[in-house]
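Student: Numbering-wise, numbering that gives the first Met the number 0 puts 12 at position 13 of the sequence shown, and it's gapless, one number per residue.
These are calculated hints, taken from the structure and not from any lab test.
Owing to the predicted nature of the structure, the values given are computational and were not obtained by experimental measurement.
In this text, a Cβ means the ideal position worked out from N, Cα and C, and glycines have one as well.
Any given hint could be a false lead.
[Said to hold, decoys possible] Each pair of labels, with its calculated beta carbon distance range: (1) L67 <-> L125: 16 to 24 Å; (2) S98 <-> E65: 29 to 37 Å; (3) P60 <-> Q93: 17 to 25 Å.
[What the hints assert, rightly or not] The calculated DSBU-like cross-link candidates involving lysine-lysine, where the alpha carbons are at most 35 Å apart (straight line), are: (4) K55 <-> K40; (5) K55 <-> K68; (6) K105 <-> K75; (7) K68 <-> K87; (8) K87 <-> K40; (9) K105 <-> K116; (10) K40 <-> K114; (11) K85 <-> K68.
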Amino acid sequence: MVSLIIRVNKILTFLILTIVFLAISLIIIFNFKTKNIVPEKYLKSMGYEIEYIDEKLVNIPNNFGEGLKEYNLLQKSQGFNLERYKGKECVQKQYYVTSKKIYPEKYVANIITYKNKLIGGDLHSLYYKEQKPLKLKSIK
Numbered sequence: 000m001v002s003l004i005i006r007v008n009k010i011l012t013f014l015i016l017t018i019v020f021l022a023i024s025l026i027i028i029f030n031f032k033t034k035n036i037v038p039e040k041y042l043k044s045m046g047y048e049i050e051y052i053d054e055k056l057v058n059i060p061n062n063f064g065e066g067l068k069e070y071n072l073l074q075k076s077q078g079f080n081l082e083r084y085k086g087k088e089c090v091q092k093q094y095y096v097t098s099k100k101i102y103p104e105k106y107v108a109n110i111i112t113y114k115n116k117l118i119g120g121d122l123h124s125l126y127y128k129e130q131k132p133l134k135l136k137s138i139k
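The task is simple: from the sequences and hints, build the whole structure.
Tutor: As structure tokens, then:
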């Protein structure tokens, strides 16, 4: 009876340790995929030719007005949600999309990050003030 209990405890301990190891591994992999995003490399990996314009700190307000609610609907359609970052200070980087193959007119790509994590972005025309989803790959 004693040897059976010891074997069961060893198996149970092994299973618990395996589950804990897998959980920690998934957390590390998830954080690696969503943190330390280099917007330039990310945009280029999607086929965009870009030219850096500027970056600035932006505060996501606690209360969304109509314009920000509409913008967040655009973000949600891409798998992002700025509501999670209400009251946070984020970084917005802007780039010209210079590829004539993809877009014949000039577009600007906005990338929004929080603690180096990609949380949103958009592409808009400089001529028509038309906002489009950036065709971002959700990395969640």
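Student: Determine which of the earlier numbered hints do not hold for this structure and return their numbers in increasing order.
Tutor: The structure conflicts with no hint, since it agrees with every one listed earlier.
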